[in-house]
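Asker: So the sequences go chain by chain: A and B.
Residue numbers for the first sequence follow our numbering, beginning at 1 and rising by one.
Residue numbers for the second sequence follow our numbering, beginning at 1 and rising by one.
Source of the hints: derived by calculation from the structure; they are not laboratory data.
Don't take each hint at face value.
Identical copies go unnamed one by one, so any copy, or any two together, can satisfy a pair.
Calculated lysine-lysine pairs in the PhoX-like style (CA-CA distance at most 20 Å, straight line) [as the list claims (entries may be wrong)]:
1) LYS62 / LYS178
2) LYS161 / LYS95
3) LYS170 / LYS62
4) LYS95 / LYS50
5) LYS83 / LYS94
6) LYS194 / LYS62
7) LYS224 / LYS76
There are 2 protein chains.
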Amino acid sequence: MSGSNKRMLELFYDVVSPYSWLGFEVMCRYSSAWNMNVRLRPSFLAGIMKESGNQPPHQVSKKVIYMLNDLHRLAKYFQVPIKEPKNLFEAVIKKGSLPAMRFVTAVDMEQPDFVELVSREFWMRIWSTDEDITLPDSILSVAQKAGLPSTEAQRLLGLTKAAEGKDRLKRTTEEALKYGSFGLPNIVAHVDGKPHMFFGSDRFMLLADLLGEKWMGPVLPGQKSLL
Amino acid sequence: MSGSNKRMLELFYDVVSPYSWLGFEVMCRYSSAWNMNVRLRPSFLAGIMKESGNQPPHQVSKKVIYMLNDLHRLAKYFQVPIKEPKNLFEAVIKKGSLPAMRFVTAVDMEQPDFVELVSREFWMRIWSTDEDITLPDSILSVAQKAGLPSTEAQRLLGLTKAAEGKDRLKRTTEEALKYGSFGLPNIVAHVDGKPHMFFGSDRFMLLADLLGEKWMGPVLPGQKSLL
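Only chain A is shown next, with the shape it has when bound in the complex (with noise of 0.2 Å):
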């Protein structure tokens, strides 16, 4: 908060993105290791995709295959409870995350200590437990294990439905590929005056030396495990 010594880092992540919540959870663990303020930017992986021409990696079923295969390895590296839908077409790209997003945003404009424990409670539905995360309800029981007021997971429902949520949203997305995002996470690092972009999450090590830091692994020794 106070930001004083405080390096400032920015995080773009898109809830519907497995890897995005390795970076996050990684950010997260380091953010008082490392010193650094780090900012939550919901963004819209499916825009950025289509802006950047990018390709989406279900379209090559090698790279799905593998994909699945990779997560399983990460998530036990990382100790994050990662674990693909059953439907993994259905649930990640039929349905999408543009509601979720869009709550996530509202959330970050309306009750910003939250975005931490909302985005992770629809990373816990759409890849760990297999649950919905488009509908009203779904969204509603996120907002209530994050530890919202009912009344005010009502109200921040009633915003993203709104012009000012929405463009929010597309905003920061706009925001993400101005910084040369062709996918997410984006790890954005404000050092010595200028925004250093890391794609994915496999390059902490070298954002380790740019910050004169030491990278010790996904989990910080003291730290209890997500699985």
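Got chain A; can you put chain B on it based on the hints?
Answerer: Below, chain B without anything else, positioned relative to chain A:
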């Protein structure tokens, strides 16, 4: 060579791919530390992209810009002298690596002890000193630097035009596809009677876990940098 207690790993690569170079150097550096028999498998990346339906990265301009930045950072971290060719599209996409990979394949068939040196010299040209790797003179220069006698180099160059040499590169590429490849490099570790495939040059900590070894970063203590 003896392979008595050595784990068998394969590295599928193409010298057109700078990420392959990183994976190649790490596998060479770790082969004795991790008691591995690393089988070098020269492959043809363009064939893998086509067969798997994967989109070449140069079709997404933001991805190209990011990858060059990423490679610049990784070169320092891996201590490998990667420098992009001035005319990237001409060198990497238009010219490509077919004559080079056919030559590496011929070396693999007839002079397997030289595959490592010859591959590295090709990378030095295309991804460091910005020199051609497609003309016969370029290939002979690579062979000479790698220490192959000139008459033998000429003979191997002849082999690249024979059906046997062409078929062998095709078959190796097909083997990579059978392991699930959609891009290079691929490391295939044969552990507990099963192949475990890793894509890219950023999963060494997962490979270490699988082998019961320790990942100590891209350069082992006491090893010399290539920079």
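Asker: Now tell me if each hint is right for this structure.
Answerer: Verification of the hints:
no.: 1; hint: LYS62 / LYS178; result: between (30 Å within a copy, 10 Å between copies)
no.: 2; hint: LYS161 / LYS95; result: within (17 Å within a copy, 52 Å between copies)
no.: 3; hint: LYS170 / LYS62; result: between (31 Å within a copy, 19 Å between copies)
no.: 4; hint: LYS95 / LYS50; result: within (17 Å within a copy, 29 Å between copies)
no.: 5; hint: LYS83 / LYS94; result: within (18 Å within a copy, 41 Å between copies)
no.: 6; hint: LYS194 / LYS62; result: between (37 Å within a copy, 18 Å between copies)
no.: 7; hint: LYS224 / LYS76; result: within (13 Å within a copy, 33 Å between copies)
In terms of the numbered hints stated before, the structure departs from none.
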